[in-house]
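Chemist: The residues making up each chain are set out below.
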Amino acid sequence: MDIIVLIKQTVDMDQIRLNENNEVIAEDLPLKTDVLSKNAIETAVQLKEKYGGKVTGIIFGTEKATSSMKEAYAMGVDDGYIIKGYKKSDPIITSKVLSNKIKEIKNDLIILGNQSSDSYSGLLAGLLASELDMNLLSNAIKIDVDGDNVNVTMEAEKEEITMESKLPAIISVAQEINEPRLPNVMKIMAAGKKNINIEETDVKYENDDKILSDKAPENKRKKIIYEDGNGIDEIAKILKVVK
Amino acid sequence: MRCLIFSDDADNLKEIISYFYKKMDIDVFCNSEVLDYGANNVYKYNDGFSDNISEYLIELYNKNKYDYIFISSTNLGRQIAGILSDKLNEKCMPEIFSFENDYKVVTKRFFYGGKSVLTEETDFKIFTVAPGIYEAKKVDKRSNLIDAKLKNSRYKILSKKKKNTGGNDITKAKVIVSIGRGLGSKENIEKVMPLVDALHGEIAGSRPVCLDYKWLSEDKQVGLSGKKVKPDFYIALGISGQIQHLAGIRNAKTIIAINKDKNAPIFEECDYGIVGDLFTVVPKLVDKLKNN
Ligand SMILES: Cc1cc2nc3c(=O)[nH]c(=O)nc-3n(C[C@H](O)[C@H](O)[C@H](O)COP(=O)(O)OP(=O)(O)OC[C@H]3O[C@@H](n4cnc5c(N)ncnc54)[C@H](O)[C@@H]3O)c2cc1C
Ligand SMILES: Nc1ncnc2c1ncn2[C@@H]1O[C@H](COP(=O)(O)O)[C@@H](O)[C@H]1O
Chain Z
2 MDIIVLIKQT VDMDQIRLNE NNEVIAEDLP LKTDVLSKNA IETAVQLKEK
52 YGGKVTGIIF GTEKATSSMK EAYAMGVDDG YIIKGYKKSD PIITSKVLSN
102 KIKEIKNDLI ILGNQSSDSY SGLLAGLLAS ELDMNLLSNA IKIDVDGDNV
152 NVTMEAEKEE ITMESKLPAI ISVAQEINEP RLPNVMKIMA AGKKNINIEE
202 TDVKYENDDK ILSDKAPENK RKKIIYEDGN GIDEIAKILK VVK
Chain W
-16 MRCLIFSDDA DNLKEIISYF YKKMDIDVFC NSEVLDYGAN NVYKYNDGFS
34 DNISEYLIEL YNKNKYDYIF ISSTNLGRQI AGILSDKLNE KCMPEIFSFE
84 NDYKVVTKRF FYGGKSVLTE ETDFKIFTVA PGIYEAKKVD KRSNLIDAKL
134 KNSRYKILSK KKKNTGGNDI TKAKVIVSIG RGLGSKENIE KVMPLVDALH
184 GEIAGSRPVC LDYKWLSEDK QVGLSGKKVK PDFYIALGIS GQIQHLAGIR
234 NAKTIIAINK DKNAPIFEEC DYGIVGDLFT VVPKLVDKLK NN
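Protein chains in written order, with our numbering: chain Z, 2 to 244; chain W, -16 to 275.
Everything labelled a hint here was simulated from the structure, so no lab data went into it. Values in this document were obtained by computation on a predicted structure and should not be read as measured data. You can trust all of the hints, since none of them are fake.
Only pairs whose alpha carbons sit at most 20 Å apart, straight line, appear in this in silico PhoX-like list of lysine-lysine:
| id | chain 1 | residue 1 | chain 2 | residue 2 |
| --- | --- | --- | --- | --- |
| 1 | Z | 97 | W | 70 |
| 2 | W | 74 | Z | 89 |
| 3 | W | 143 | Z | 159 |
| 4 | Z | 211 | W | 87 |
| 5 | W | 245 | Z | 223 |
| 6 | W | 197 | Z | 159 |
| 7 | Z | 104 | W | 70 |
| 8 | Z | 241 | W | 157 |
| 9 | W | 211 | Z | 159 |
| 10 | W | 213 | Z | 224 |
| 11 | Z | 211 | W | 91 |
| 12 | Z | 97 | W | 74 |
| 13 | Z | 238 | W | 157 |
| 14 | Z | 241 | W | 273 |
| 15 | W | 91 | Z | 216 |
| 16 | W | 146 | Z | 159 |
| 17 | Z | 159 | W | 139 |
| 18 | Z | 241 | W | 236 |
| 19 | W | 146 | Z | 143 |
| 20 | Z | 221 | W | 211 |
| 21 | Z | 224 | W | 243 |
| 22 | W | 108 | Z | 211 |
| 23 | W | 197 | Z | 143 |
| 24 | W | 120 | W | 155 |
| 25 | W | 139 | Z | 143 |
Using the sequences provided together with the hints, build the complete structure.
Modeler: Shown next, in the form of structure tokens:
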């Protein structure tokens, strides 16, 4: 089975600092692999281990994305493409760039995350399914392949739904589907030596979205903190209005 | 201005209609009979999937020339938003929690997993709407109900399982006692229940507690990927206060935190905090509440 996994690299959001105006300082932040992309990689590799085949990773990112691709290799991805030219979160552009590449690679299944950890957009699966005219299953917590059928259990708001679909299909995964593996040193070393295919995109961004502000949410909390066993009386008093 | 709203979740749908009521003319495409919240036409479907729902929405959009399409950010909603964005070749602004169109459209959404709020001016037509945008309110106006017949889908459902839900809806609670990994075990829930009872509150939890350890059912998860709550009092017990958790409690009136780690980020985002072991602080607090 030929599987493509879509991997996003984001800034490390835990390292974000604010300036004196409460605005995010976005420059020079360390980068890391998007949380859900790691679940997607783990899913793809587990499917390969179970059903055989090959996993190809694609990142639309910058030249710095090699670190994420190496991590993917260490986890078990066989081959990887980095398409350079990513500038900002723009799902239509990302889907155009990724679908152009996907069309060149033989595939039965495309795996990606349900919502990426920075933008949380969750639009990519639908955009790609429509663009590539593939079957779409999202927020998967269980995937079973049977010949050219795939059964997927999806986590919806109030129920778990198991659906059947034909391959090829595009499946986005939920965080609960698995626990991404931590590769050992040998695998990490071997991954470092593997070739990464690096390409450039000619898809262009339009300038149609104006950011008026990018600030941390306002914090008007009182922040009265009690230590050393204090505060019970005060808090009990505040909570008394409840009764 | 006219808009088309899609939602497969009646609660989200009511919130979205209420948010736009009187700001524009509203038509709705949904699978529930939500007829007294202010929409003009309610197109009701049964058992739809991403393909046949998208097809119907595109027909409606082309026929009625809506200015905007709002889609509730449910699992199905996001699939459909992506498909519509591609098929209509219109950009979609995801996860908005505020929309104004005085003379230009200005939206707000969280970015960087909740670390920042992006305020953006756009000419986009499609938006996904984060849950909890507004309080749903019934109005006097009654909507037209139209039966929407969907075409056949390429998908087939094999089985459905209702998720465990633990009774009351935490988004409506006035007092929430919320537990985190600091509680240590499921058995320890009974040690905090006296506080929940004393305050006539609801119990809720962080993501690990609801999703990974299943100490509570999933509908009790508070946060970015859980419920956005707005109680008068939110009491966080053994919750560190990661940004994804905080995204769910921004609208709480008063936040009280009990955590043994003085440096836990929750103390930056609370009104009152006690640095201490929750297993000693909670019983003392319950005693005080009972004796007053
Ligand atoms: C895409 C994405 C979405 C997410 N969505 C959500 C979401 O919706 N909701 C959510 O909650 N999380 C979410 N998370 C997870 C989030 O990042 C944190 O991992 C999670 O909130 C941590 O839960 P916690 O505070 O219970 O656990 P921890 O971070 O482990 O904190 C436990 C706390 O308990 C304290 N403690 C321990 N023992 C005691 C004691 N005896 N007395 C007092 N205090 C004690 C510790 O000091 C610590 O601060 C999401 C993550 C991602 C990547
Ligand atoms: N630039 C990108 N390159 C490769 N994969 C991506 C990219 N952006 C998003 N993805 C994938 O799509 C998933 C969902 O992203 P989104 O729909 O933007 O929330 C992510 O978890 C990734 O698996």
